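K.L.:
Just need the whole structure built from these sequences, with the hints factored in.
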Amino acid sequence: MLRFENVGLRYGVGAEVVRDLNFAVAPQSFQFLTGPSGAGKTTMLRLMLLSLRPTRGTIHIFGHDAATLDKDAITAIRRRIGVVFQDFRLLDHLTTYENVALPLKVMGRSESGYRAEVVELLRWVGLGDRMNALPPVLSGGEKQRAAIARALIVRPELLLADEPTGNVDPSLARRLLRLFVELHKSGTAVVIATHDLTLMDQFGYARRLVVGDGQLKIFEGDSP
Amino acid sequence: MTESPPPSLPPASRLKRDMPLIPSDSIAGRALVVVIAIMTFLACLTAGGAILVAEASQGWRADVSRDVTIQIKPPPGDDADALVAAAADIAGRAPGVADVRAYSKVESEKLLAPWLGDGLDFGQLPIPRLIVVHMQSGHREDLEPLRAALAAGAPGASLDDHRLWLSRLDTMADAIVAFAAALFALMILAMATAIGFATRGAMAGTREIIEVLHFVGAADSYIARQFQGHFLRLGFKGAAIGGLSAGLFFALASLASAGLSRSPGGEEIAALFGAFALGLAGYGAITAICLAIAGLTALLSREIAFRQLRSLL
Numbered sequence: 108m109l110r111f112e113n114v115g116l117r118y119g120v121g122a123e124v125v126r127d128l129n130f131a132v133a134p135q136s137f138q139f140l141t142g143p144s145g146a147g148k149t150t151m152l153r154l155m156l157l158s159l160r161p162t163r164g165t166i167h168i169f170g171h172d173a174a175t176l177d178k179d180a181i182t183a184i185r186r187r188i189g190v191v192f193q194d195f196r197l198l199d200h201l202t203t204y205e206n207v208a209l210p211l212k213v214m215g216r217s218e219s220g221y222r223a224e225v226v227e228l229l230r231w232v233g234l235g236d237r238m239n240a241l242p243p244v245l246s247g248g249e250k251q252r253a254a255i256a257r258a259l260i261v262r263p264e265l266l267l268a269d270e271p272t273g274n275v276d277p278s279l280a281r282r283l284l285r286l287f288v289e290l291h292k293s294g295t296a297v298v299i300a301t302h303d304l305t306l307m308d309q310f311g312y313a314r315r316l317v318v319g320d321g322q323l324k325i326f327e328g329d330s331p
Numbered sequence: 231m232t233e234s235p236p237p238s239l240p241p242a243s244r245l246k247r248d249m250p251l252i253p254s255d256s257i258a259g260r261a262l263v264v265v266i267a268i269m270t271f272l273a274c275l276t277a278g279g280a281i282l283v284a285e286a287s288q289g290w291r292a293d294v295s296r297d298v299t300i301q302i303k304p305p306p307g308d309d310a311d312a313l314v315a316a317a318a319d320i321a322g323r324a325p326g327v328a329d330v331r332a333y334s335k336v337e338s339e340k341l342l343a344p345w346l347g348d349g350l351d352f353g354q355l356p357i358p359r360l361i362v363v364h365m366q367s368g369h370r371e372d373l374e375p376l377r378a379a380l381a382a383g384a385p386g387a388s389l390d391d392h393r394l395w396l397s398r399l400d401t402m403a404d405a406i407v408a409f410a411a412a413l414f415a416l417m418i419l420a421m422a423t424a425i426g427f428a429t430r431g432a433m434a435g436t437r438e439i440i441e442v443l444h445f446v447g448a449a450d451s452y453i454a455r456q457f458q459g460h461f462l463r464l465g466f467k468g469a470a471i472g473g474l475s476a477g478l479f480f481a482l483a484s485l486a487s488a489g490l491s492r493s494p495g496g497e498e499i500a501a502l503f504g505a506f507a508l509g510l511a512g513y514g515a516i517t518a519i520c521l522a523i524a525g526l527t528a529l530l531s532r533e534i535a536f537r538q539l540r541s542l543l
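If you read the protein sequences in the order shown, they are chains L and Z.
Residue numbering for the first sequence follows our numbering, starting at 108 and increasing by one per position.
Residue numbering for the second sequence follows our numbering, starting at 231 and increasing by one per position.
No lab work stands behind these hints: they were computed from the structure.
As the structure is a prediction and not an experimental result, all values here were calculated from the model.
There's no promise every hint is true.
[Claimed, not checked] FRET-style restraints, in silico, Cβ to Cβ:
(1) L:Gly-273 - Z:Leu-542: 20 to 28 Å
(2) L:Ala-183 - Z:Leu-474: 44 to 52 Å
(3) L:Ala-223 - Z:Ala-481: 20 to 28 Å
(4) Z:Ala-522 - L:Asp-172: 44 to 52 Å
[Claimed, not checked] What the simulated footprint calls covered on chain L by chain Z, stretch by stretch (three residues with Cβ under 8 Å from a Cβ of chain Z suffice, anywhere in the stretch; the number is not a length):
(5) 165 to 172
(6) 193 to 200
(7) 320 to 326
Ideal Cβ positions, reconstructed from N, Cα and C, are used throughout, including at glycine.
P.N.:
Following this line, the structure appears as structure tokens:
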């Protein structure tokens, strides 16, 4: 599904931020991407999302060499990926419902065609009574759930989440993580960037990709 | 145990708002509406002015081209009135002539009064005598027989067909229209530049929105269409304000010129610009300019947005 081969990235003429990345994300797999702050977790997620081009090495995604993809092909690939940002990135002038429906809307689907799906998902993540609220009036946890719902609405084959539990209390963090586990069980490959060791310990079966000093070490999870 | 029914779907009216993805209430948007309104107003004034001059010049040309003048320089000792009568008689019998009017000596002297002043004794001056010949329409080129007949029957009479004056009128009217066209093109160029800056500004201001749209799978063409829609609304608003103002200006100017035309100064203005009434074609041109400017705003912003988006990952 996703494979990095000797991938390195530098900004300008500086030192490489990440180097010699070699790993693969298999279909229906579950992994944490971890490491200290500033180690390069977000950079790796952006590389996976094809919003950064590596300065060396090759990224293969869904059977394509990312270097050969044009903008339209990148768009098509992004429609198969769900992404949750650390800072939510909800559009403040759209309601929770409109934010969650956004990926379907940009695909050209009609509102009447996706309304039931979006409402069902919003109820599932506990935002059934906040559908018409604008993001500025949502709490941190509600924003986080809306951002997660937006990533899930297209039933992605690969889910990338950057510190999805970073802004919520431990109890809500566990509930949110259960959403990802549910998604994983339904067949989606999940990559969650976090430095919350306690959280990772609760999912011992998950693989851990540990990035530090720009390099990556992989620890396979326990058998479930 | 009875199973509770699934919660019903909220009505579409409660959920669907169709908010534009690019927020429209930005300061840059309002500034662009003002710029487009001013530029549209000036462009419509320029176009309207050019139409007025072009229509008026056609009127001058039609009037002048149907008149020719016979000028008689009275030879010393000869009877000028007899020469004038002979020339008028010849002109009256020439083909294509609709009407002949011979100016008397007093009338000819009055024509010179504005330049030489009143109270001058014209009796001592050899005042040329004039005969205005009004041609039937379409007989402008039938002057050679008249010229030949005058040379034979009225020595000292010369025929002036105003060819030089007409060519100067043509040149002047063409120059005014060309100048207006160049001015119009410069205004459109200035407006296009302003739209370019505004589009880039709007894109910089909505960078985060664009990034989110990209990440959720929006194609560049989809995002560019959002900008196109946004700028079409702004362009239409600005063009409507500018076009309506220009239409109002011409309507008021037409009313004012109708009032002024009764004064001597008004007659001169009316001679230059006609009745200052734009007419249906003129107002049609203003409407077309407004629609074209709104369309241009949308197309330009889409093109600029599309190019900018292509450079982003």
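K.L.:
A separate judgement is required for each hint: does it hold in the structure or not?
P.N.:
The hints, checked one at a time:
no., hint, in the structure
1, L:Gly-273 - Z:Leu-542: 20 to 28 Å, "holds, 26 Å"
2, L:Ala-183 - Z:Leu-474: 44 to 52 Å, "holds, 46 Å"
3, L:Ala-223 - Z:Ala-481: 20 to 28 Å, "violated, 55 Å"
4, Z:Ala-522 - L:Asp-172: 44 to 52 Å, "holds, 46 Å"
5, 165 to 172, "violated (count 0)"
6, 193 to 200, "holds (count 3)"
7, 320 to 326, "violated (count 0)"
Violation of the numbered hints given earlier is confined to hints 3, 5 and 7; the remaining hints are satisfied by the structure.
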